[in-house]
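Chemist: Whole structure, please, built from the sequences with the hints as guidance.
There are 2 protein chains.
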Amino acid sequence: MQDYEYMQLAVDAAQQAQWRPWKNPRVGAVIVKDDHILAVGYHHQYGDVHAEIDAYQQVADKQQLVGATIYVTLEPCAHTGKQPSCATQMLAWGLQRVVVGQIDPNPLVTKHGVERLRAAGVQVDIWPIPVSEAINPAFHYFFTHQLPYVTLKVAQSLNGKITAASNEATKITSAVVDEDSHTLRAYQQAIIIGSTTALVDQPSLAVRHVHTQHQPLRVIIDRRGRLVNSAAVTQDNTLIITENADFATQAEQVSYLKVVTPQTILHLLGQRGIQAVLVEGGSELHAAFVQAHAYQEIIVYQTTGLLPNTGVSSFGTADSMTDLGKIKNVKVIDNTLKVTIKREEA
Amino acid sequence: MQDYEYMQLAVDAAQQAQWRPWKNPRVGAVIVKDDHILAVGYHHQYGDVHAEIDAYQQVADKQQLVGATIYVTLEPCAHTGKQPSCATQMLAWGLQRVVVGQIDPNPLVTKHGVERLRAAGVQVDIWPIPVSEAINPAFHYFFTHQLPYVTLKVAQSLNGKITAASNEATKITSAVVDEDSHTLRAYQQAIIIGSTTALVDQPSLAVRHVHTQHQPLRVIIDRRGRLVNSAAVTQDNTLIITENADFATQAEQVSYLKVVTPQTILHLLGQRGIQAVLVEGGSELHAAFVQAHAYQEIIVYQTTGLLPNTGVSSFGTADSMTDLGKIKNVKVIDNTLKVTIKREEA
Chain X
1 MQDYEYMQLA VDAAQQAQWR PWKNPRVGAV IVKDDHILAV GYHHQYGDVH
51 AEIDAYQQVA DKQQLVGATI YVTLEPCAHT GKQPSCATQM LAWGLQRVVV
101 GQIDPNPLVT KHGVERLRAA GVQVDIWPIP VSEAINPAFH YFFTHQLPYV
151 TLKVAQSLNG KITAASNEAT KITSAVVDED SHTLRAYQQA IIIGSTTALV
201 DQPSLAVRHV HTQHQPLRVI IDRRGRLVNS AAVTQDNTLI ITENADFATQ
251 AEQVSYLKVV TPQTILHLLG QRGIQAVLVE GGSELHAAFV QAHAYQEIIV
301 YQTTGLLPNT GVSSFGTADS MTDLGKIKNV KVIDNTLKVT IKREEA
Chain G
1 MQDYEYMQLA VDAAQQAQWR PWKNPRVGAV IVKDDHILAV GYHHQYGDVH
51 AEIDAYQQVA DKQQLVGATI YVTLEPCAHT GKQPSCATQM LAWGLQRVVV
101 GQIDPNPLVT KHGVERLRAA GVQVDIWPIP VSEAINPAFH YFFTHQLPYV
151 TLKVAQSLNG KITAASNEAT KITSAVVDED SHTLRAYQQA IIIGSTTALV
201 DQPSLAVRHV HTQHQPLRVI IDRRGRLVNS AAVTQDNTLI ITENADFATQ
251 AEQVSYLKVV TPQTILHLLG QRGIQAVLVE GGSELHAAFV QAHAYQEIIV
301 YQTTGLLPNT GVSSFGTADS MTDLGKIKNV KVIDNTLKVT IKREEA
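Protein chains in written order, with UniProt numbering: chain X, 1 to 346; chain G, 1 to 346.
These aren't lab readings, by the way, just hints derived from the structure by calculation.
Every residue, glycine too, gets a C-beta built ideally from N, C-alpha and C.
One thing to keep in mind: the hints can contain errors.
In silico SDA-like links for lysine to any residue, alpha-carbon gap of 20 Å or less [unchecked claim]: (1) X/K342 with X/I327; (2) X/K171 with G/G325; (3) G/K331 with X/G325; (4) G/K171 with X/M321; (5) X/K338 with G/K326.
Covered stretches of chain G, going by a simulated chain X footprint (3 or more residues, C-beta under 8 Å) [unchecked claim]: (6) 153-166; (7) 324-331.
From the structure, some residues in chain X lie toward chain G, with a derived Cβ separation under 7 Å [said to hold, decoys possible]: (8) N159; (9) G160; (10) T304; (11) L306; (12) N309; (13) S314; (14) F315; (15) A318; (16) D323; (17) G325; (18) I327; (19) V330.
Modeler: Spelled out as structure tokens, the structure:
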């Protein structure tokens with residue numbers, strides 16, 4: 001097998017973790033000696049051992065590691081976090097070569113892992129095409145821009161309606177599709193909704209149907225302070241963002257911003273270390289994020305049903321002929337389209 | 001090779017003709033002897049020889065046909081039409097066996113082709129699963145129901161709008177997508193639009209970009225007679241259907257119906273031998289066909305663009321939560337979704 005085949009194996013291993021590493025990147029590692037695979041590992045879950053260590057632990061005879069090569073999708077860490085630094089641990093294994101899929105964008109790590117290994121005489125090759133970014137778009141985006149990676153999620157009828165009438169919640173998608181959208185939620189650290197959605201739907205925004213140890217933060221955008229006397233103010237794991245200074249003094253989880261825009265919202269969430277956010281609407285909130293170009297991805301669940309002409313259209317008062325981006329993926333789940341669109345930088 | 005592999009070859013051959021056979025069915029034929037393929041033929045174009053004859057003409061030494069088997073997707077014809085009857089011609093070839101993909105639904109042919117061959121001592125096997133219907137849905141539908149097979153075509157923005165404002169035409173799809181939709185037109189014998197679309201868009205409804213010898217009939221639904229003084233009244237290859245009796249007396253191509261509904265329209269077109277019609281809108285005409293369950297298929301071209309909330313939504317005043325059917329196919333053409341939905345019988 002060739003280098004690129006081993007690296008592909010490592011990528012496949014990384015993706016097995018799905019949403020479970022949460023704020024940590026999905027990472028895979030393959031240990032190879034004399035063209036034989038000794039172990040395939042990955043970072044299973046937030047708080048668990050890193051991919052390199054997971055692979056290492058599977059090698060019964062540690063003597064075999066002497067002179068071996070490890071393929072790892074992301075630079076081995078160089079800082080002591082929840083686990084001891086991988087780069088330091090790896091020095092003791094007697095590896096001959098480390099093939100790194102991509103340099104870690106986290107400034108605590110960037111190039112330190114590679115340098116530590118090289119300083120100890122290990123051959124380190126950096127993969128020419130970044131490998132980790134495709135597996136961990138939010139992780140890389142966050143550490144590059146200090147802002148969350150934004151996904152807009154829309155569930156609509158075939159004729160583009162999100163509810164049958166304003167101030168009325170309409171159940172559009174099936175249970176099977178809901179499960180898919182809860183998986184999407186499980187990848188996020190925050191979910192943003194507007195105050196109308198909060199008042200009309202009263203959604204819990206919790207991840208259900210799939211098992212996760214981390215519920216995303218509920219973020220409600222409430223410029224005027226319509227939620228003053230609502231239950232949302234006292235709910236756990238909730239952040240309300242408002243321009244109403246009086247409201248902001250009433251509860252700890254209400255944050256004041258002088259001007260609430262997609263940019264100021266994302267800046268605030270970025271400061272709190274939130275890497276991935278899902279904007280679940282309503283219609284006007286989606287339109288605001290589109291108009292501000294404040295998104296990386298849009299996921300549309302679209303049924304084959306029709307809702308009345310008088311219903312609320314998706315993307316509210318968006319500009320005419322705005323183009324949302326490039327179609328990256330289309331799936332059919334339970335007779336519902338799932339379309340993934342990526343924004344293209346102008 | 002097995003029977004089903006030869007039949008699959010015949011199906012593939014049939015489909016090569018695409019729209020060119022027009023009102024004729026697409027048919028393919030494979031001649032086999034001693035497990036060797038002697039010829040593969042198909043009906044290339046309306047007016048050309050039938051598939052069996054096309055295959056026959058490719059066999060240089062006609063002696064080889066003695067004792068051969070022919071696989072043909074549709075029953076050989078038994079009536080003298082534009083060509084002499086295939087069944088009669090085939091009797092002279094010395095075939096041992098004829099494998100027929102499906103009985104012809106056209107009452108001029110039904111079972112007569114098979115009977116003629118069997119009466120002459122040729123072994124005829126009818127394929128257990130109908131083969132031709134999937135290749136020629138409109139042809140089979142028409143001869144089974146004496147009504148046209150109806151496809152609704154919609155081009156819409158991601159938020160379900162067909163124009164930016166009422167009484168205004170908006171160009172939604174790209175030239176590449178237009179080419180695809182002209183191919184779709186080429187399969188039809190008629191295209192139906194409403195009077196508003198006729199007045200606002202003034203579409204020629206002609207097949208462009210693809211070569212065809214048969215332009216579909218332009219059918220304009222104009223219940224009240226709004227087109228009385230319009231150019232449409234004198235245009236070639238046009239049929240205007242109206243409830244306005246005075247209007248109907250003014251020109252030969254204006255037809256009067258006491259009550260214009262999708263059913264009465266389709267009945268009239270069926271009487272004229274039209275097998276396949278495309279309903280191109282507008283919004284209210286599509287809604288009427290949906291509400292009357294008067295369609296077999298819907299094709300939605302959907303861009304990644306947005307149009308203003310104030311634009312016209314597709315499917316006008318359709319009922320709430322109407323389900324249009326099952327998604328049969330999804331393609332991405334030039335960053336535009338093409339979704340094919342088939343209506344399910346209740």
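Chemist: All the hints need checking, so say for each whether the structure fits it.
Modeler: Here is what the structure says about each hint:
1. X/K342 with X/I327: holds (7 Å)
2. X/K171 with G/G325: holds (18 Å)
3. G/K331 with X/G325: Judged against 20 Å, a Cα distance of about 17 Å means the pair holds.
4. G/K171 with X/M321: Roughly 10 Å between the alpha carbons, so the hint for G/K171 and X/M321 holds.
5. X/K338 with G/K326: Between X/K338 and G/K326 the Cα gap is close to 15 Å, so the pair holds against 20 Å.
6. 153-166: holds (count 7)
7. 324-331: Our answer is that it holds, as 5 residues pass the Cβ test (under 8 Å) against chain X, meeting three.
8. N159: holds (4 Å)
9. G160: holds (2 Å)
10. T304: holds (5 Å)
11. L306: holds (4 Å)
12. N309: Where the cut-off is 7 Å and the nearest Cβ of chain G is about 5 Å from X/N309, the hint holds.
13. S314: It holds, given that the least Cβ distance between X/S314 and chain G is near 5 Å, below 7 Å.
14. F315: holds (5 Å)
15. A318: holds (4 Å)
16. D323: holds (5 Å)
17. G325: holds (6 Å)
18. I327: Result: holds, 5 Å to nearest chain G Cβ.
19. V330: holds (5 Å)
Violated hints for the displayed structure: none, as all numbered hints are satisfied.
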